[in-house]
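Student: Residue numbers (this note's numbering), protein chains in the order written: chain A, 26 to 335; chain B, 3 to 314; chain C, 11 to 296.
If you are wondering where the hints come from, they were derived from the structure by calculation, not from laboratory data.
Keep in mind that this is a model prediction, so the values were computed, not measured.
Every residue, glycine too, gets a C-beta built ideally from N, C-alpha and C.
Treat the hints with care, as some may be off.
[To be verified] Dumping the calculated EDC-like pairs for lysine to aspartate or glutamate here, alpha-carbon to alpha-carbon at most 20 angstroms:
#  : chain 1 : residue 1 : chain 2 : residue 2
1  : B       : LYS138    : B       : ASP108
2  : A       : LYS98     : C       : ASP259
3  : B       : LYS138    : B       : GLU113
4  : A       : LYS157    : A       : ASP185
5  : A       : LYS235    : A       : GLU32
6  : A       : LYS180    : A       : GLU152
7  : A       : LYS235    : B       : GLU173
8  : A       : LYS166    : A       : GLU143
9  : B       : LYS183    : B       : GLU304
10 : A       : LYS287    : A       : GLU230
11 : B       : LYS138    : A       : ASP185
12 : A       : LYS287    : B       : GLU290
13 : C       : LYS288    : A       : ASP111
14 : A       : LYS235    : A       : GLU44
15 : A       : LYS235    : B       : ASP199
16 : A       : LYS180    : C       : ASP255
17 : A       : LYS99     : A       : ASP111
18 : B       : LYS268    : B       : GLU290
19 : A       : LYS326    : B       : ASP203
20 : A       : LYS326    : A       : ASP269
21 : B       : LYS268    : A       : GLU261
22 : A       : LYS166    : B       : ASP5
23 : A       : LYS180    : A       : GLU230
24 : A       : LYS287    : B       : ASP121
25 : A       : LYS235    : A       : GLU143
26 : A       : LYS166    : B       : ASP86
27 : A       : LYS326    : A       : GLU230
28 : A       : LYS99     : C       : GLU24
29 : B       : LYS138    : A       : ASP111
30 : A       : LYS287    : A       : ASP265
31 : B       : LYS268    : A       : ASP111
[What the hints assert, rightly or not] Restraint ranges, calculated between C-beta atoms of paired labels, are given here:
#  : chain 1 : residue 1 : chain 2 : residue 2 : range
32 : B       : GLY17     : A       : GLU225    : 57 to 67 angstroms
33 : B       : HIS130    : C       : ARG290    : 43 to 53 angstroms
34 : B       : GLN270    : A       : ARG156    : 44 to 54 angstroms
35 : C       : PRO20     : A       : ASP96     : 26 to 36 angstroms
36 : B       : HIS130    : A       : SER160    : 50 to 60 angstroms
37 : A       : SER160    : B       : TYR85     : 17 to 27 angstroms
38 : B       : HIS259    : A       : GLU321    : 22 to 32 angstroms
39 : C       : PHE280    : A       : ARG43     : 40 to 50 angstroms
40 : A       : SER209    : C       : PHE58     : 27 to 37 angstroms
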Amino acid sequence: MNHPVIELRNLSVRLGSREVLRDLSCSFSGSTIGLLGPNGAGKSTLINTLLGFWTPSAGSAHIFGSDARTDAKKIRSLVGYMPENDAFIHNMSAVSFIRLMAELSGLPSETALERAHESLFYVGLGEARYRKLGSYSLGMKQLAKLAQAIVHGPKLLILDEPTNGLDPPARQRMIRLIREMRDSGQMHIVLCSHLLRDVEETCEEVVILKQGRVVHYSNLADERRSNRRFLELELEGTIDGFVDAARGLGCECAPGAFHRWKLVLADNVEVADIYRLAAERNIQLRRLNFRRDTLEDIFLKAMESTNGGL
Amino acid sequence: MSDRIVFDNVSKFYGDVLGVNRVNLSIPSGITSLVGPNGSGKTTLMNLMTGLIRPSRGDIRILGLTPDQPEQLFRLVGYSTQYDSFPKGLTGYQCVSSYLRLYGFDRARSEQLTWAAIDRVGLRDAAHRRAAGYSKGMRQRIRLAQSFAHNPRVLVLDEPLNGLDPLVRAETIALFRSLAKEGCHVILSSHVLHEVDIISDQVILMSAGYVAAEGNIQSVRSEIEDHPMQILIRCDRPGELASRFFAEDHVVEVRLHNDRRGLLVKTQAPDRFYLLMNRIALDGFEVESVAPCDDDVNSVYEYLIGAEEPTR
Amino acid sequence: MAVYKRSYRPYSGEITPVWSRFLVLYRFSRRNLFRSKIQTVFFVICLFFPLLCLLGIYANSHLSALAFLGQRTGPFLDVNGRFFSIYLDVQAAFAFLLTAFIGPGLVSPDLANGALTLYLCRPLSRTEYVLGKVSVLFITLSWITWLPGLVLFFVQASISGWQWMWDNLWIAGAIVIGSLIWIAVLSLAALALSAWVRWRIVAGVLLLGLFFFGAGFGRAINAVLRTQQGYLIDLSQLVSIVWHDLFRDLGEPPLSVTEAWIALLAFTSFCLYLLMRKIRANEVVR
Numbered sequence: 026m027n028h029p030v031i032e033l034r035n036l037s038v039r040l041g042s043r044e045v046l047r048d049l050s051c052s053f054s055g056s057t058i059g060l061l062g063p064n065g066a067g068k069s070t071l072i073n074t075l076l077g078f079w080t081p082s083a084g085s086a087h088i089f090g091s092d093a094r095t096d097a098k099k100i101r102s103l104v105g106y107m108p109e110n111d112a113f114i115h116n117m118s119a120v121s122f123i124r125l126m127a128e129l130s131g132l133p134s135e136t137a138l139e140r141a142h143e144s145l146f147y148v149g150l151g152e153a154r155y156r157k158l159g160s161y162s163l164g165m166k167q168l169a170k171l172a173q174a175i176v177h178g179p180k181l182l183i184l185d186e187p188t189n190g191l192d193p194p195a196r197q198r199m200i201r202l203i204r205e206m207r208d209s210g211q212m213h214i215v216l217c218s219h220l221l222r223d224v225e226e227t228c229e230e231v232v233i234l235k236q237g238r239v240v241h242y243s244n245l246a247d248e249r250r251s252n253r254r255f256l257e258l259e260l261e262g263t264i265d266g267f268v269d270a271a272r273g274l275g276c277e278c279a280p281g282a283f284h285r286w287k288l289v290l291a292d293n294v295e296v297a298d299i300y301r302l303a304a305e306r307n308i309q310l311r312r313l314n315f316r317r318d319t320l321e322d323i324f325l326k327a328m329e330s331t332n333g334g335l
Numbered sequence: 003m004s005d006r007i008v009f010d011n012v013s014k015f016y017g018d019v020l021g022v023n024r025v026n027l028s029i030p031s032g033i034t035s036l037v038g039p040n041g042s043g044k045t046t047l048m049n050l051m052t053g054l055i056r057p058s059r060g061d062i063r064i065l066g067l068t069p070d071q072p073e074q075l076f077r078l079v080g081y082s083t084q085y086d087s088f089p090k091g092l093t094g095y096q097c098v099s100s101y102l103r104l105y106g107f108d109r110a111r112s113e114q115l116t117w118a119a120i121d122r123v124g125l126r127d128a129a130h131r132r133a134a135g136y137s138k139g140m141r142q143r144i145r146l147a148q149s150f151a152h153n154p155r156v157l158v159l160d161e162p163l164n165g166l167d168p169l170v171r172a173e174t175i176a177l178f179r180s181l182a183k184e185g186c187h188v189i190l191s192s193h194v195l196h197e198v199d200i201i202s203d204q205v206i207l208m209s210a211g212y213v214a215a216e217g218n219i220q221s222v223r224s225e226i227e228d229h230p231m232q233i234l235i236r237c238d239r240p241g242e243l244a245s246r247f248f249a250e251d252h253v254v255e256v257r258l259h260n261d262r263r264g265l266l267v268k269t270q271a272p273d274r275f276y277l278l279m280n281r282i283a284l285d286g287f288e289v290e291s292v293a294p295c296d297d298d299v300n301s302v303y304e305y306l307i308g309a310e311e312p313t314r
Numbered sequence: 011m012a013v014y015k016r017s018y019r020p021y022s023g024e025i026t027p028v029w030s031r032f033l034v035l036y037r038f039s040r041r042n043l044f045r046s047k048i049q050t051v052f053f054v055i056c057l058f059f060p061l062l063c064l065l066g067i068y069a070n071s072h073l074s075a076l077a078f079l080g081q082r083t084g085p086f087l088d089v090n091g092r093f094f095s096i097y098l099d100v101q102a103a104f105a106f107l108l109t110a111f112i113g114p115g116l117v118s119p120d121l122a123n124g125a126l127t128l129y130l131c132r133p134l135s136r137t138e139y140v141l142g143k144v145s146v147l148f149i150t151l152s153w154i155t156w157l158p159g160l161v162l163f164f165v166q167a168s169i170s171g172w173q174w175m176w177d178n179l180w181i182a183g184a185i186v187i188g189s190l191i192w193i194a195v196l197s198l199a200a201l202a203l204s205a206w207v208r209w210r211i212v213a214g215v216l217l218l219g220l221f222f223f224g225a226g227f228g229r230a231i232n233a234v235l236r237t238q239q240g241y242l243i244d245l246s247q248l249v250s251i252v253w254h255d256l257f258r259d260l261g262e263p264p265l266s267v268t269e270a271w272i273a274l275l276a277f278t279s280f281c282l283y284l285l286m287r288k289i290r291a292n293e294v295v296r
């Protein structure tokens with residue numbers, strides 16, 4: 026029987042006197058989903074509940090068909106978790122540490138050692154794997170965290186702020202790894218991050234939490250495929266005449282930041298027509314793509330709509 | 003010039019270890035971003051700018067003042083570090099106001115400035131809670147409030163957007179812009195390059211203690227001569243489009259994309275190229291997207307500093 | 011020719027049984043234990059006294075071995091409850107020192123940098139984690155307390171015959187139970203300290219202090235208040251009372267045996283409680 030990867034049914038979680046998650050219902054079966062929301066929205070609590078650390082006060086959470094409340098151990102053997110905070114043992118070498126984690130996940134001793142080496146090579150720490158974790162730089166520690174999350178071959182990977190504090194090359198490596206794992210088709214990934222760019226580059230679906238509720242769900246892949254009427258342009262040259270002419274054709278135009286413009290094509294207007302206008306006025310169309318809303322727009326809209334205006 | 007931050011042949015060594023080497027900068031007002039890998043000298047540069055450390059060689063002038071004039075200098079400068087720690091037991095309000103008292107403001111004025119700063123970062127409701135109980139984003143915002151509460155003219159911020167959710171990021175960026183518009187020199191360091199692209203007026207790229215590039219990003223880009231401009235075009239007949247491009251003398255390379263629906267063009271004269279596109283596009287090509295691949299900080303970074311360094 | 015690309019590989023092989031996972035912790039800690047030369051040497055030293063006792067027992071009965079040394083040819087040792095009681099006293103002291111070496115480094119490295127979250131996000135419950143850490147101390151200390159003790163007992167039994175063994179079987183029980191109590195008290199105290207105190211040396215010193223100060227204060231209270239209740243905080247005294255009871259030593263214990271047992275139980279429960287408070291996947295900050 027095919028269970029959804031994560032299924033939440035009216036999930037409510039209470040911490041102390043506060044109700045942190047309220048009546049969450051959601052179902053995820055795709056390959057990657059981004060979990061977004063402002064601070065305090067309940068993302069960490071949700072992750073902790075899925076891992077079985079908090080018990081729901083109402084409703085249920087199922088992962089691969091198992092109840093997080095009662096089958097926590099079974100779930101944990103199928104899940105790999107990369108926490109946001111530091112998580113390492115100072116005096117252990119990377120290989121020993123990953124091996125320990127693998128054995129605790131149930132791998133036999135020799136296999137654990139093999140896979141520890143493999144996963145460290147895979148994330149790019151091959152050269153440094155015999156060094157103590159305490160001597161690692163921040164980027165390397167993040168990669169080590171990723172290595173321990175995948176060493177036991179989980180079916181679901183939960184990443185909490187994986188690119189936190191990483192400099193651009195390290196971030197690119199992390200994003201590349203996430204994409205590779207996604208494309209390998211062997212696991213599902215939940216990515217929790219404040220950096221919308223990261224989510225955009227890796228996730229197919231997005232769910233936005235606010236104050237413990239789901240306020241928005243998007244399938245980014247679908248959205249990219251549809252929406253052929255919305256253009257985003259970056260223009261160079263004397264713009265005003267161009268904009269007026271575009272409006273004259275029936276298109277709506279709105280300025281964005283730094284020479285960017287959003288255009289809604291009227292029904293009988295094609296891209297070629299826009300190019301004609303540009304050719305006539307010697308405008309450079311430095312950038313052009315079909316895009317309705319960036320993830321940032323979606324996020325800000327989701328925040329606004331439940332606030333009744335910021 | 004007394005409206006700039008000037009570094010004149012500045013070097014800083016910690017024993018044998020290099021902090022920064024022969025740095026020459028002249029930073030105007032507005033938002034300046036410091037970009038570079040970890041360990042490239044950004045924090046050293048910031049510490050030099052705020053007068054916390056002295057250079058081993060060279061001169062620093064901040065709006066005409068030197069670190070030898072601390073009484074005046076430190077009033078002008080505000081600093082928000084990357085370190086996430088607070089004196090124990092203080093509330094958010096106290097974190098800001100106690101430092102203000104050190105500037106010599108009396109109680110009433112200090113209270114007024116504190117609330118102004120706290121309001122600006124949107125933490126009025128939580129101001130009387132302990133800072134230790136704040137979420138990561140709130141702690142970041144209180145640090146920011148602390149740094150500009152005394153209305154400095156130079157604001158040095160080390161990774162100020164770290165840990166902030168997208169909403170608060172946007173608000174904080176708006177805050178920086180308004181400060182910059184008031185004539186402030188806002189210097190911030192960040193790893194999130196596409197944000198740096200959007201918010202900065204100028205960029206300083208650092209690598210291994212040297213300044214690799216500085217200035218407005220477009221002008222930096224056009225100065226990197228040995229890299230012709232790369233543009234990615236997605237359309238329905240890329241092969242045919244490619245042959246049209248080859249006819250031009252400024253196009254040095256055209257590469258077909260793997261999925262046969264796009265091509266990568268390298269041209270030495272982007273302006274001419276775009277105007278050419280306007281004409282070619284009218285010949286029945288269905289253009290899906292046009293995107294310069296390297297007109298941004300990301301690519302400049304890659305060219306000058308290198309992508310994906312092996313783990314050290 | 012084949013070109014092998016290294017990419018992510020899922021795992022679908024065998025899985026170790028769930029109940030045995032806590033032993034993984036024991037195995038890894040053991041490796042660290044014997045990495046340090048000082049600790050290894052000390053461990054060996056802890057086995058000297060049992061070895062001495064073994065030689066004594068042997069010499070005791072094979073008197074001819076002594077004849078050439080010109081010693082008197084009579085048994086010089088009375089291997090009875092008293093003998094093993096002394097043996098346990100000595101080994102308990104060594105066990106105490108060994109715990110001060112090993113104990114503090116067991117839990118604090120896991121807590122210092124947040125690694126505990128990674129432990130607990132695996133199919134490992136908090137109880138199993140504690141069990142794993144306790145087993146390190148349990149197994150190591152067993153090697154120097156009741157295991158050699160039982161060896162000595164059975165060696166003596168093999169020399170003295172069945173009757174002696176049946177008559178003195180209670181001694182074997184006393185050795186085992188006495189050791190287990192001591193191990194339990196030491197382990198839980200050490201682990202609780204390791205969980206709450208970050209620096210190994212400080213935790214080690216505190217462990218020593220716990221026992222010595224307890225003794226000191228206990229006596230002080232007794233002297234000042236003219237009572238015997240002060241011994242309730244003197245752990246070594248409490249254990250000693252229980253041992254004297256187990257080994258059927260005559261003599262007036264300052265507190266009743268029941269009181270001693272209860273006090274020890276309270277202490278170990280308290281340590282366990284402290285330990286479990288610290289072993290959490292995440293903290294909630296108000």
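Student: Run every hint past the structure and note whether it holds.
Tutor: Hints versus structure:
Restraint check: the Cα-Cα separation between LYS138/B and ASP108/B comes to about 31 angstroms, which exceeds 20 angstroms; the hinted pair is violated. With a C-alpha separation of about 49 angstroms, the suggested pair LYS98/A and ASP259/C falls outside the 20 angstroms cut-off, and the hint is violated. For the suggested pair LYS138/B and GLU113/B, the alpha carbons sit about 25 angstroms apart, so the restraint of at most 20 angstroms is broken. Distance check on the hinted pair: LYS157/A and ASP185/A sit about 24 angstroms apart at the alpha-carbon level, beyond 20 angstroms; violated.
Taking the CA atoms of LYS235/A and GLU32/A, the gap is about 18 angstroms. The hint holds against a cut of 20 angstroms. Our distance criterion of 20 angstroms between C-alpha atoms is broken by LYS180/A and GLU152/A, whose separation comes to about 27 angstroms. Between LYS235/A and GLU173/B, the direct Cα distance comes to roughly 17 angstroms. Compliance with the 20 angstroms bound is thereby established for this hinted pair. Restraint check: the Cα-Cα separation between LYS166/A and GLU143/A comes to about 17 angstroms, which is no more than 20 angstroms; the hinted pair holds.
Distance restraint check for LYS183/B and GLU304/B: the Cα-Cα separation of roughly 31 angstroms exceeds the 20 angstroms cut-off, and the hinted pair is therefore not satisfied. For the suggested pair LYS287/A and GLU230/A, the alpha carbons sit about 24 angstroms apart, so the restraint of at most 20 angstroms is broken. Our distance criterion of 20 angstroms between C-alpha atoms is met by LYS138/B and ASP185/A, whose separation comes to about 14 angstroms. Distance check on the hinted pair: LYS287/A and GLU290/B sit about 15 angstroms apart at the alpha-carbon level, within 20 angstroms; holds.
For the given pair, LYS288/C sits about 17 angstroms from ASP111/A by alpha-carbon distance, which is consistent with the 20 angstroms threshold. A distance of roughly 13 angstroms separates the Cα atoms of LYS235/A and GLU44/A; the hinted pair therefore holds under the 20 angstroms criterion. Distance restraint check for LYS235/A and ASP199/B: the Cα-Cα separation of roughly 28 angstroms exceeds the 20 angstroms cut-off, and the hinted pair is therefore not satisfied. A C-alpha spacing of about 57 angstroms is found between LYS180/A and ASP255/C, which places the hinted pair above 20 angstroms, so the restraint is violated.
Between the alpha carbons of LYS99/A and ASP111/A the distance comes to roughly 25 angstroms, so the proposed pair goes past 20 angstroms and is violated. Distance hint between LYS268/B and GLU290/B is fulfilled; the C-alpha atoms sit about 19 angstroms from each other, no more than 20 angstroms. About 27 angstroms separates the Cα atoms of LYS326/A and ASP203/B, which puts this hinted pair outside 20 angstroms; it is violated. Among the hinted pairs, LYS326/A with ASP269/A is inconsistent with the structure: their alpha-carbon atoms are about 28 angstroms apart, more than 20 angstroms.
Taking the CA atoms of LYS268/B and GLU261/A, the gap is near 19 angstroms; set against the 20 angstroms cutoff, the hint holds. Among the hinted pairs, LYS166/A with ASP5/B is inconsistent with the structure: their alpha-carbon atoms are about 42 angstroms apart, more than 20 angstroms. Between LYS180/A and GLU230/A, the direct Cα distance comes to roughly 18 angstroms. Compliance with the 20 angstroms bound is thereby established for this hinted pair. Our distance criterion of 20 angstroms between C-alpha atoms is broken by LYS287/A and ASP121/B, whose separation comes to about 33 angstroms.
Distance check on the hinted pair: LYS235/A and GLU143/A sit about 39 angstroms apart at the alpha-carbon level, beyond 20 angstroms; violated. Simply put, LYS166/A and ASP86/B have alpha-carbon atoms about 18 angstroms apart, close enough for the 20 angstroms limit, and the pair holds. Taking the CA atoms of LYS326/A and GLU230/A, the gap is about 17 angstroms. The hint holds against a cut of 20 angstroms. At roughly 15 angstroms between alpha-carbon atoms, LYS99/A and GLU24/C fall within 20 angstroms of each other, so this suggested pair holds.
Proposed proximity of LYS138/B and ASP111/A is supported: the alpha carbons are some 14 angstroms apart, at most 20 angstroms. The suggested pairing of LYS287/A with ASP265/A holds, with an alpha-carbon distance near 14 angstroms, which does not exceed 20 angstroms. At most 20 angstroms may separate the alpha-carbon atoms for a hinted pair to count; LYS268/B and ASP111/A exceed this at roughly 43 angstroms. A C-beta distance of roughly 44 angstroms is found between GLY17/B and GLU225/A, which places it outside the suggested range of 57 to 67 angstroms.
At about 28 angstroms, the CB distance of HIS130/B to ARG290/C disagrees with the hint of 43 to 53 angstroms. Evaluation of the 44 to 54 angstroms hint for GLN270/B and ARG156/A yields a pass: the beta carbon distance comes to about 45 angstroms. Judged by the Cβ atoms, the range 26 to 36 angstroms given for PRO20/C and ASP96/A is violated: they are separated by roughly 21 angstroms. Judged by the Cβ atoms, the range 50 to 60 angstroms given for HIS130/B and SER160/A is violated: they are separated by roughly 42 angstroms.
In this structure, SER160/A and TYR85/B meet the distance hint of 17 to 27 angstroms, their C-beta atoms being roughly 20 angstroms apart. Hint check: HIS259/B to GLU321/A, Cβ distance near 27 angstroms, so the stated range 22 to 32 angstroms holds. Remark: the range hint 40 to 50 angstroms for PHE280/C to ARG43/A is contradicted by a beta-carbon distance near 30 angstroms. SER209/A and PHE58/C have their C-beta atoms about 58 angstroms apart, which leaves the hinted 27 to 37 angstroms range violated.
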